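Student: Could you put together the complete structure from these sequences and hints?
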Amino acid sequence: MENGTDRSAASTRAVEIGVAAVILLFGLIVVIDSYRLGAQWGDDGPQPGYFPLYVGLLICISSSVILGRAVRNSALAGESFVSREELKKILTVLLPTVVYVSLIVYLGFYLASTLYIAYFMWQLGKYSWIKIVPVAAGVSIVFFLIFEVWFQVPLPKGPLEAALGLN
Amino acid sequence: MEEINALLGGFSVALSPLNLMLMFVGVILGIIIGVLPGLGGANGVAILLPLTFSMAQQPGGTTSAIILLSCIYWGALFGGAITSILFNIPGEPWSVATTFDGHPLAQKGRAGAALTAAFTSSFIGALIAVIMITFLSPVVASFALKFGPPEFFAVYLLTFCAFVGMSGGNAAKTVASMMIGFALAAVGLDSVTGTLRLTFGFTSLLKGFDFLIAVIGLFGIGEILETLEEGLAFKGASAKINAKVVLETWKELPKYWATSLRSSAVGCFMGIVPGGATPASFMSYGLARRLSKDGNQFGNGVVEGVVAPETAAHAAGTSALLPMITLGVPGSPTAAVLLGGLLIWGLQPGPLLFVEKPDFVWGLIASMYLGNIAGLIVVLTCVPLFAAILRIPFSIIAPVIIVICAIGAYTVHNSMFDVYLMVVFGVVGYAFKKLGYPLAPMVLALVLGDRAEENFRNAIKGSQGDLAVFFSNSLVGGLTGLALFLLFWPLIRTLWRALLGRRAA
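Residue numbers (our numbering), protein chains in the order written: chain A, 857 to 1023; chain B, 2 to 506.
Some hints could be false.
Claimed, not checked - Listed next, with one range per pair, are the computed distances between beta-carbon atoms:
1. A/A933 - B/W258: 47 to 57 angstroms
2. A/L1022 - B/G300: 55 to 65 angstroms
3. B/Q298 - A/K944: 23 to 33 angstroms
Unchecked claim - Below, simulated DSS-like cross-link-like pairs (lysine-lysine); rule was C-alpha separation at most 30 angstroms, straight line:
4. B/K208 - B/K109
5. B/K147 - B/K434
6. B/K434 - A/K945
7. B/K245 - B/K256
8. A/K945 - B/K435
9. A/K944 - A/K982
10. B/K434 - B/K208
11. A/K944 - B/K245
12. A/K944 - B/K462
13. B/K462 - B/K208
14. A/K944 - A/K987
15. B/K208 - A/K1013
16. B/K462 - B/K147
17. A/K982 - A/K945
18. B/K208 - B/K245
Hints were generated in silico from the structure; no laboratory data involved. Predicted model, so just to flag it, every value in this text is computed and none were measured. A virtual CB, placed ideally from N, CA and C, is assigned to each residue, including glycine.
Tutor: Right under this line is the structure:
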C-alpha cells in the first residue's frame, strides 16, 4: 500500500521473527543460568538448576520452531502486523502510560492519576477543560475515598497530599 | 446423603447477612468488570484480591472473601454476554460464539430475547455444573488423598499437556508461552536449596514474579492496547428488557432442552480440562447447528444459537473450579487467580481442604448456587444500567481502567516495581495476543510452577532420579499416560484419520 494513512509499520513476519528471537534469547539465559547453578544430580537430590534447565531447553526448542517457520513463510511478509496509524494510536496511549507510572513516585498516586486522565481526555477525547477538570479530579477523589478511607489500603502519596495534610 | 448434609451446612454459612451482601456486591462488580474493556474475570479478581487480605484474617473471613471473589467471577461471566449481544464485542474469548447469533438478534430488535436467553441458559449451565461439583468433588478429593508427589506432578503434567493437545492453536506457541511462565515462576529464591535463581544480582527480582501482576498486565493493559487499535467507538443496540419479553422468552426456552442438556454436558466435561471454556462454547455451538432442525438459520439470529454457547461456557467456567478445589489445579486463568488467593490467605488447596476446612469448601459450593441466582436476578433487572457503562467515551474509561490496574498491581506487594512490571507485561500481552500466543498457559504455569517443580523434585528424589517413578503404579502411570496421549492428540488424530481414510478408499 502506498497511500500514507494505512501503510504497514511492520510486517507480521518481522514481528514474529523478532519476538521468537527474544524468546530464544530468554531461553538461552535460563539454560546458562541453570548450568551455573548446577543442573545435575547433587548429593541430596536434584540441584537447583535441574528443573529450570528443561524449561529453558523447551523454550529454546519451541521458539526455534516458531522462528524457523516464520523465516520460511514468506506469505507473512506481506501481512501487516500493525499499520502506522494504529501504531501511532497505541503510542499515544503507551507513552503517557509510561510517563504516568514513572511520575507516581514523585507526585503520588492521586495527582499523577488526575493528570493522566486529564491528558487522555484532552488529547484523545478533545474535551474542554470545563469537563476535564471535574471528571479527572472527581475520579481521583473517589479512588481516594475507596482506598484510603474505606479499605484503608495506603497508596503512595506526594507533595499535594503533604500540603493538604492527608498523609 | 452425606453431601446433602454438608451442603446444607454450607448454605447456613453462605446465607449469613454479610455473605449475602458480599454476594450481590461481587456479582455487580463482576458484571461491571465483564462489561468494561480491558477488565475481565481474571484481572478483575486479581485487582480486587488485595482488598480481601484484611477481610480474610477475621474468623470465617476466608469464606466471605472467596464468596466475594467467586461472585465477581460469576458476574464477569454474565457480563461477557451483555457486550457480545449488544455491542458485538466479546468481553471474554468464550463469549465469541455468543456473538454469532446474539448480535444478529439484537439488530433485529430482539435484544431483550437474546439477553434473556443468554442469562437463563448461563444460569442453567452453571447450575448443572454446580450440581456436578457438589457430588463429584468429595469423590475426587477423597481419591486424591492417596496422591503422593509423583501423582501430583502427573496431574500437573496432564493439565499442561491438555493445553498443548486440546487448544487447537499453534502447539509451539503454546509450549513457548507455558515454559516462559515456568521460567518466570523459577525466578527468585529457590525454596528447597535456598539459592538465588535467575536474579542476576537485581534485588527487585529476589521475590520473583507475582502472577497477579502478570495477569493484570497481560489481560488488562494488553487488552486496552488491542481495543485501541480496533477503534474507539462502541456502537451498540439498545438494551430494552422487560417482564413481558422475559416471560415470552422463558416460554420459548423449554423447546431447546436437548441443546441445553448437550451443551451443559460438553461444558462440564471441557471445563475440567484446562482452557476448556472457549472450545466448549464453540463445540456446543457447532453441535447445536448440526443437530438442530433450524440449523441452516444459525448465524442469522436464532435463540437456540445463543443458548448453546452460553450454557456451555458458563458450565465450563463453573466446573473449572472442581479441579481447583479438589486437586489444587485451576482449570482457567480466573480459577488460577482464585487459587492464588487461597494460597495468600494461608489455605492449601487440594484434597485436604475438604477434611480440614469443610466450612470453607461447602460455604463456597453453596455460594455457587446462591451467587448464580443473585447474578440472574441482577442481570435481568439491571441490563440497561450495565449497557450504559459502555456508552461512557473510551477516552475517559481507558485511563480510568489503567489507573485501576496500576492501583491493583501496586497493592499486591506495595511495590512500585510491580507497577512498572505491569506495563511491561501489558506490552508483552499485546504482542503475544496479536501473534497468536495463548496467554492462559503462561498464567497457569506461573501459578503452578513452584508446586509442580516441588512435586517433581520430591518424586524423583524418592526414586533416586529415575523417571520411571511416573509409571511406577497404575494410578500415576495412568495419569502420565493420559497426559502423553493428550499431548500427542493432534498427531494421533491425524494418523487415525489417515488410517480410516485408507480403509474407506
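Student: It remains to establish, for every hint, whether it holds in the given structure.
Tutor: Hints, one by one, checked against the model:
Checked against the hint of 47 to 57 angstroms, the C-beta distance between A/A933 and B/W258 comes to roughly 51 angstroms, which is consistent with it. As the Cβ distance of A/L1022 to B/G300 is approximately 56 angstroms, the hint placing it in 55 to 65 angstroms holds. A hinted range of 23 to 33 angstroms for the beta carbons of B/Q298 and A/K944 is inconsistent with their spacing of about 43 angstroms. Proximity of B/K208 to B/K109 is assessed by CA-CA distance (about 54 angstroms); at most 30 angstroms being required, the pair is judged violated.
Between B/K147 and B/K434 the CA atoms are separated by roughly 40 angstroms; this puts the pair beyond 30 angstroms, and the hint is violated. With a C-alpha separation of about 18 angstroms, the suggested pairing of B/K434 with A/K945 holds against the 30 angstroms cut-off. Taking the CA atoms of B/K245 and B/K256, the gap is near 18 angstroms; set against the 30 angstroms cutoff, the hint holds. For the suggested pair A/K945 and B/K435, the alpha carbons sit about 16 angstroms apart, so the restraint of at most 30 angstroms is met.
At most 30 angstroms may separate the alpha-carbon atoms for a hinted pair to count; A/K944 and A/K982 meet this at roughly 17 angstroms. At most 30 angstroms may separate the alpha-carbon atoms for a hinted pair to count; B/K434 and B/K208 meet this at roughly 27 angstroms. Of the supplied pair hints, the one linking A/K944 and B/K245 is violated, its CA atoms being roughly 48 angstroms apart against a limit of 30 angstroms. Only pairs whose Cα atoms come within 30 angstroms are accepted, and A/K944 paired with B/K462 is rejected, the gap being roughly 54 angstroms.
Proposed proximity of B/K462 and B/K208 is supported: the alpha carbons are some 26 angstroms apart, at most 30 angstroms. Annotation: proposed proximity of A/K944 to A/K987 holds, straight-line Cα distance about 26 angstroms (limit 30 angstroms). Pair hint B/K208 plus A/K1013 holds up; C-alpha atoms about 24 angstroms apart against a cutoff of 30 angstroms. Taking the CA atoms of B/K462 and B/K147, the gap is about 19 angstroms. The hint holds against a cut of 30 angstroms.
Distance check on the hinted pair: A/K982 and A/K945 sit about 15 angstroms apart at the alpha-carbon level, within 30 angstroms; holds. A C-alpha spacing of about 56 angstroms is found between B/K208 and B/K245, which places the hinted pair above 30 angstroms, so the restraint is violated.
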